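Please model the complete structure; the sequences and the hints are all you need to start from.
Each protein sequence line maps, in turn, to chains A and B. The first sequence lines up with residues 1 to 921 when you count with my numbering. The second sequence lines up with residues 1001 to 1921 when you count with my numbering.
Careful, some of the hints might be misleading.
[To be verified] SDA-like cross-link-like pairs, simulated, lysine to any residue; straight-line CA separation at most 25 Å:
1) B:K1171 - A:S606
2) A:K156 - B:E1602
3) B:K1823 - A:Q593
4) A:K193 - B:K1607
5) A:K686 - B:Q1483
6) A:K628 - A:V613
7) B:K1611 - B:E1640
8) A:K689 - B:D1670
9) B:K1823 - A:H664
10) A:K754 - B:N1220
11) B:K1691 - A:D496
12) B:K1607 - A:Y164
13) B:K1823 - A:I574
14) A:K225 - B:T1596
15) A:K147 - B:A1601
16) A:K823 - B:D1670
17) B:K1866 - B:Q1856
To be clear, the hints were calculated from the coordinates, so they are not data collected in a lab. Because the structure is a prediction, the values reported are computed rather than measured.
There are 2 protein chains.
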Amino acid sequence: MSTKYVYLFADGQTEGTGQMKDLLGGKGSGLAEMTNAGMPVPPGFTITTEACNAYYTEGEQFPEGMWDQALEALAKVEAFTGKKFGGSDNPLLVSVRSGAKFSMPGMMDTVLNLGLNDETRVALAKMTNNERFSWDAYRRFIQLFGKIVLNIDSEKFEHVFDGYKKQLGVKGDTEVGEETLAKVVADFKAIVKKETGNEFPTDPLDQVKYAIKAVFASWNGRRAKDYRRINKIDDNLGTAVNVQTMVFGNMGEDSGTGVAFTRDVSTGEKVLYGEYLQNAQGEDVVAGTRTPKKIAQLHEEMPEMYNQFVELANRLERHYKDVQDMEFTIERGKLYMLQTRNAKRTGAAAVRVAVEMVEEGVIDKATAIQRVEPAQLDQLLHPMIDPKASLNVIATGLPASPGAASGTAVFDPDEAEEMAKEGKKVILVRTETSPEDFHGMVAAQAILTSRGGMTSHAAVVARGMGKCCVAGCDQVVVDYANQQFTVGDLVVKKGDSITLDGSTGRVITGEVPLINPEISGHFKTLMEWVNDYRKLGVRANADTPHDSEVARGFGAEGIGLCRTEHMFFEGNRIDSVRQMILSSSDFKNLEAQLATARADAEKSGSKDAAKRVKDLEKKIAKPEQLYKGALADLLELQREDFVGIFRAMNGFPVTIRTLDPPLHEFVPHDDKTLKELAAKIKMPFKEAKAKVTSLHEFNPMLGHRGCRLGIIYPEITEMQARAIFEAAVKVKAEGVTVKPEIMIPLVGNVIELKLQADVVRRVAGEVFAATGQSVEYLVGTMIEVPRAALTANQIAEVAEFFSFGTNDLTQMTMGLSRDDSGKFLPAYVEKKIYGDDPFQVLDQTGVGQLVDIGIQKGRSSKPNLKVGICGEHGGDPESVIFCHKVGMNYVSCSPYRVPIALLAAAHAALADKGAAKTTTA
Amino acid sequence: MSTKYVYLFADGQTEGTGQMKDLLGGKGSGLAEMTNAGMPVPPGFTITTEACNAYYTEGEQFPEGMWDQALEALAKVEAFTGKKFGGSDNPLLVSVRSGAKFSMPGMMDTVLNLGLNDETRVALAKMTNNERFSWDAYRRFIQLFGKIVLNIDSEKFEHVFDGYKKQLGVKGDTEVGEETLAKVVADFKAIVKKETGNEFPTDPLDQVKYAIKAVFASWNGRRAKDYRRINKIDDNLGTAVNVQTMVFGNMGEDSGTGVAFTRDVSTGEKVLYGEYLQNAQGEDVVAGTRTPKKIAQLHEEMPEMYNQFVELANRLERHYKDVQDMEFTIERGKLYMLQTRNAKRTGAAAVRVAVEMVEEGVIDKATAIQRVEPAQLDQLLHPMIDPKASLNVIATGLPASPGAASGTAVFDPDEAEEMAKEGKKVILVRTETSPEDFHGMVAAQAILTSRGGMTSHAAVVARGMGKCCVAGCDQVVVDYANQQFTVGDLVVKKGDSITLDGSTGRVITGEVPLINPEISGHFKTLMEWVNDYRKLGVRANADTPHDSEVARGFGAEGIGLCRTEHMFFEGNRIDSVRQMILSSSDFKNLEAQLATARADAEKSGSKDAAKRVKDLEKKIAKPEQLYKGALADLLELQREDFVGIFRAMNGFPVTIRTLDPPLHEFVPHDDKTLKELAAKIKMPFKEAKAKVTSLHEFNPMLGHRGCRLGIIYPEITEMQARAIFEAAVKVKAEGVTVKPEIMIPLVGNVIELKLQADVVRRVAGEVFAATGQSVEYLVGTMIEVPRAALTANQIAEVAEFFSFGTNDLTQMTMGLSRDDSGKFLPAYVEKKIYGDDPFQVLDQTGVGQLVDIGIQKGRSSKPNLKVGICGEHGGDPESVIFCHKVGMNYVSCSPYRVPIALLAAAHAALADKGAAKTTTA
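Spelled out as structure tokens, the structure:
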């Protein structure tokens, strides 16, 4: 018994159903469904995706039985239509179209008008009583078949046709008469003969056979492969092939063709939306050679057809309970539905349709939530370029942070800050950014860098601020000396206007109109429903009171990561930070020497020892004053920072990470600034320079940072803890509900955490004792070093919460530096070594194991351990779903991704319910 | 019923045994054992380690019952000796000594002559008929008690005593008469009164009580703690206290005291070895105030005593079946044994004793193997400084690579090479080394760096070459401009002689006599036995034919890691490497553009496209010639390298790692060299400079290196594979048995391995087809990225072997850069966050888990997967034992550590047997 490879669809004889998407593809199952629902669908048959896969496994041969089944189905179509394939009387013409499980618009190939040859053309002319139409169909057929099935360059056909049009002095195709079209057909046949060495195939069955093979081949064409790679569609699904009776929209003024959506897919408004062309075939709509009319006009031109179509459209939407994207053709006053599928839509439309369909009673809330892709919400949260604007795109980089912005190009962060103060909108252009550029990034509308990847400093910081960024745009050559950048021969000077589109990576000259998408009432409604379904908490990564307010506005339920050091660059506090750093090592060295000397002196009582103590006391005085003075200054500043954040997050927990980055990130690397600093703290320049140099590290990512700083310099942790608790006590007195959670970074060993937690708890006790007030607080840790995940059972004995720092955990687990991976990671994704950039989408296979191990081991010693994530992945929908699955309590992400995370969390919870249903059913 | 805290030892009444080391400490159990064996041991009692621990848990109070038990035991000692503690007639004097489970020489405190006061002194004088002796004993007692129990600075006593000696105009203590000593005693008592505010305690029981407390306190003294930290002794063991009847070696010319070993602990020769002093107490031997005599002289001076002692020594060695370290005292012609314990010995002695004791039939081979600590063998494998030499040590750095060497200081690697060619011995001094310095390191006798840790480039390379290295010596300030270094005010100029001791980290001025320890026949014998017991294979990390021969000579059974790039710096081949690097990116970019352009041209057939192809073909010509030309040159050179290595390792497997380090390690970083290179390959200097700059990485450790190079530049892997297989085919024709194992580094994902393995296997096929010869080979991978361990089941589907690269695995798992950890890792070890430097001793708790996971997952998909290790840990005994336990097939280490690994492997196998015995018993 041979496999069933062919499924007929014809009113009353349809073999497939709308559920058979895997086997029949989206289009095939849609055609079966529509036919079953009694819609006017031109009859035909679908060759299954299994046939496609078998075709490849059998060395590009049709699998056994397939062709016979196709012939059988064809005979039934002939019987149904009363037409004859290749018949010289009432000839049947067919289209051959691909149709995979997932829509791949424009990626796959279609051939129309199969069945035409010299005889059937005559019959077609007779049957339609239209000689010109028959020649035009024949001309189109040879060209399309030549291009798609025979791989002949389209230009060759166009060249000939254009020649005739020039000869005739006409522009439009419809102005070419039948005699000329006949010559064109002859010439086209000659082209085929010349290019392939063979005559154009005249046997209609051969035509269909070759066309089916071409559709199968198109599955592995470059365009299709690229599309699948980008859209993460499995290469092994295969495509189905639909062979369907042709209907003609170009049979005169009572004919036409069009595409329409049951609702407006840009806005989601409930209004029939689409366009059509009278006396035209489908490809004319797509090709754009004629300007189509709005669907509403059909109401006036063919009212009966319009009413029929509206009725069908409404039935289809009710049937599928979703917005439909439909193709139709009117052949001499008869309406045919050629295709229907769920419509792609913008984020705004997705939200509105989902909410309104609930209001209309079409779907329930859970379905509405599932109808909106979390990633789509991104469009609602950033300004975008007006789609109608004409753009001069000069380069394209990485879409590092979404949104769009215009401004004048500036190359220096200080200048960016100054100009912004003057009220100018600036775009900061740098080869790459570093924390020293932070103030310039804050001041700028957007950031453009010529180096760095999706997780370079510029990209990460910009995303955190919800600010547009195009990164790693290597066509842009930045020339600081001349305050300009070039793209090829084009020069953009300081002060020139540019526009960046961070959603696509485009760099555009001049100013461009932007749209500030409105967060409509529907969006708010949807997010309220989301909160009823999700189980995972969602917090935000926010470092300032302003960010905290934004986050809260977007629905964040707390701060999951407050990077205290981001505040170090604000205003002139960086001077205190630098003073602290430059004096720290001297102070610590002398402190250790002094301790030893004092112990020696106490034990021996000798004069020498006493003298040494005195000498050291003298020596330590200056570094001590500098170090402790700087810490005292920072205490004041940090306390005020925390007061602001605590007030903004009244009632919600705030997770504050102690100092994390290596110290060299804070010191000046230009001699001028360093000289000023050295003069200010009365340190010889040479000494200051030596200290800066000594902070250099080969691999700073794995160097002296995170808790390693606090362990060597416990005074810094102490200062930060004091600032936190003093701020907490202060706002509590104001009536603010404050829940600080102090988080120790880069812990790899429980003893590290213990040493730092001891400092924090001691300081808390001191502050509470001194003020007579106390606040509830937690001390926990980042899990970002693989060893921490592996020894999480030990760490959980001290930690009151875990927060997975999956940025660093990814770097270390994969041995992959974010900042350096730009050289090979694109090639890696290209070669499918990794499906996605692992810094955007969590690598569940590798890094995910450590997350899972970390949670399980952590809860093995502390069953109710609170667990979250605060890497970039906390805002990526796939990764959020993973976090839900492994049992985290919350995710934390950029404020601008909070709604996305909330929606993804609801999706995850609903998927659980779905799974639960399946298993209990 | 109260705990038994006190154990009596007295002939016939001994309560302890030699097995009770945990409870009675090493000394106490030894005293019990000796007494039980009928040796002449002065009677006494031991207070247990449990008592010490209880003392601390009870807030520094004697636990209940302890003191009563002590008094009871004391009464028995009185009865046994017929003396009375505090008696005015025949007074008993005792010593109070600490005695922990493990010997902690010089780390713990001892008090002698307890029981003396004004009355007993008189009695002692009467009893011994020696007034001066009694005063001297009293004087010593007050000083020692004052210092140890009452914490009075010794100098205060010395000062007084010295004053009297000066007054008398004498130098030796023995020249001071009894009248003066009586005055000294009075003054000493006054010192005690002044310093403590109390009279010197005259009650003998108080004296004992305070002394016991002082011994308990000494367990937590700084010296003891430091010793335990360094020697990895558990802080919770506690110390026992031995209270023992005093015997006096200073009762005249028929008295004496000494220490002796049953064999020579330097050489292992079977000869009584030790020294003694006539008319002296034990502390005189230790203090070095008098020069002791060789033990052989006792034979002449007190032949009877000597013979008795020899007889006892022989009995003790037979009893303990190991070399004994004994203390004895002769009191008026009667010999007393005060202590015996297994003797510490040098590596050479350990080997000789172990082998000879087997030959003597004392122990079996397995015991002999276990008697030698693997780490001790290190001493046998490197030159060492003559212990008799007097040294001017100017600084101490990290003991980065053992051995010692003298030579003239040189600061430039080129100069080092030139001078070495002239036959001069040079020491290369650098702030730190990089691969560019390799030729200078090869030429030098030893390397000194002022920066970098135990696993810095200098340290790793030096250990690999078995060359002495002192690293990270931060007292040394290198001044390249003046070709000198300074240590404080001391200046060492180029050409000055210095000596380095890489085993201790010492930097010494001038030349110093060195000893080249002979690898004696005993060593060879032991290693033969080792091979009968061990199960783990041992290979060497070797990069050159010379290293391969050395490794083989040391017993390596193959090469576990051949780092092909180490050969890149030899001779002028670095020029080809650099040419390859500077042309690689241009070639690859243009190659990709050309591929696209050709496809476009083929598809469209347009003239523009064809022109673009031609333009690109023209453009690619030069980089292609440079790139492929360089690869062709390298192919020749590498093939010859491999021929040499294969010949040297005839019959053994050779694991060759494909290119691993980031490319920037190979390019010149000084403009002069780069200019020459640019001129040579006719590349504008600016362009060459830009390329070098573009190779900079923020975290090169996690950057574009390892297989990531081979994936972007498969031609490099192809060249290396071709060199390997062409070399293999060539030597096979010579009759050499060749077993190449090609190892792909830095794999984190099975697809990476697959892509590289495909290249290697394709090239193998090509070479075999071209030559008509073939060789067996394997393709495997390093497991050094955490993700590789976590996905080892997938990777093992492609890999034919795993080799754990625990250097990188440690860096990534712990988030710890080897080169940067110097700033905080010492403090981490100090604070006991990590017990050891994890780059020297494998972190079994963290990194070890990934090793275990990697092996288990790997073997889950390939049960017979061959697994090894090739990080530095492969030569560390503890880590080797771990590798045995987790089921590895082999370890691979520096050639100079092969015997250590072999011995550790045997220890591991014997421990298994021991465990098996225990469990089956």
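Here's how the hints hold up against the structure:
Restraint check: the Cα-Cα separation between K1171 (chain B) and S606 (chain A) comes to about 24 Å, which is no more than 25 Å; the hinted pair holds. At roughly 14 Å between alpha-carbon atoms, K156 (chain A) and E1602 (chain B) fall within 25 Å of each other, so this suggested pair holds. At most 25 Å may separate the alpha-carbon atoms for a hinted pair to count; K1823 (chain B) and Q593 (chain A) meet this at roughly 17 Å. For the proposed pair K193 (chain A) and K1607 (chain B), the alpha carbon gap of about 22 Å is at most 25 Å, so the pair holds.
Under the criterion of a C-alpha separation no larger than 25 Å, the hint pairing K686 (chain A) with Q1483 (chain B) is consistent with the structure, at around 20 Å. With a C-alpha separation of about 20 Å, the suggested pairing of K628 (chain A) with V613 (chain A) holds against the 25 Å cut-off. A C-alpha spacing of about 43 Å is found between K1611 (chain B) and E1640 (chain B), which places the hinted pair above 25 Å, so the restraint is violated. Pair hint K689 (chain A) plus D1670 (chain B) holds up; C-alpha atoms about 21 Å apart against a cutoff of 25 Å.
Of the supplied pair hints, the one linking K1823 (chain B) and H664 (chain A) holds, its CA atoms being roughly 13 Å apart against a limit of 25 Å. For a cut-off of 25 Å, the pair hint linking K754 (chain A) to N1220 (chain B) stands: about 23 Å separates their Cα positions. Between K1691 (chain B) and D496 (chain A) the CA atoms are separated by roughly 30 Å; this puts the pair beyond 25 Å, and the hint is violated. For the hint pairing K1607 (chain B) with Y164 (chain A), the CA-to-CA distance comes to about 23 Å; that is within 25 Å, so the pair holds.
A threshold of 25 Å between alpha carbons decides the hint, and for K1823 (chain B) with I574 (chain A) the separation of about 23 Å falls inside it, so the pair holds. Only pairs whose Cα atoms come within 25 Å are accepted, and K225 (chain A) paired with T1596 (chain B) is accepted, the gap being roughly 15 Å. Restraint check for K147 (chain A) and A1601 (chain B): the C-alpha separation of about 16 Å stays at or below 25 Å, so the hint holds. Distance check on the hinted pair: K823 (chain A) and D1670 (chain B) sit about 24 Å apart at the alpha-carbon level, within 25 Å; holds.
Under the criterion of a C-alpha separation no larger than 25 Å, the hint pairing K1866 (chain B) with Q1856 (chain B) is consistent with the structure, at around 12 Å.
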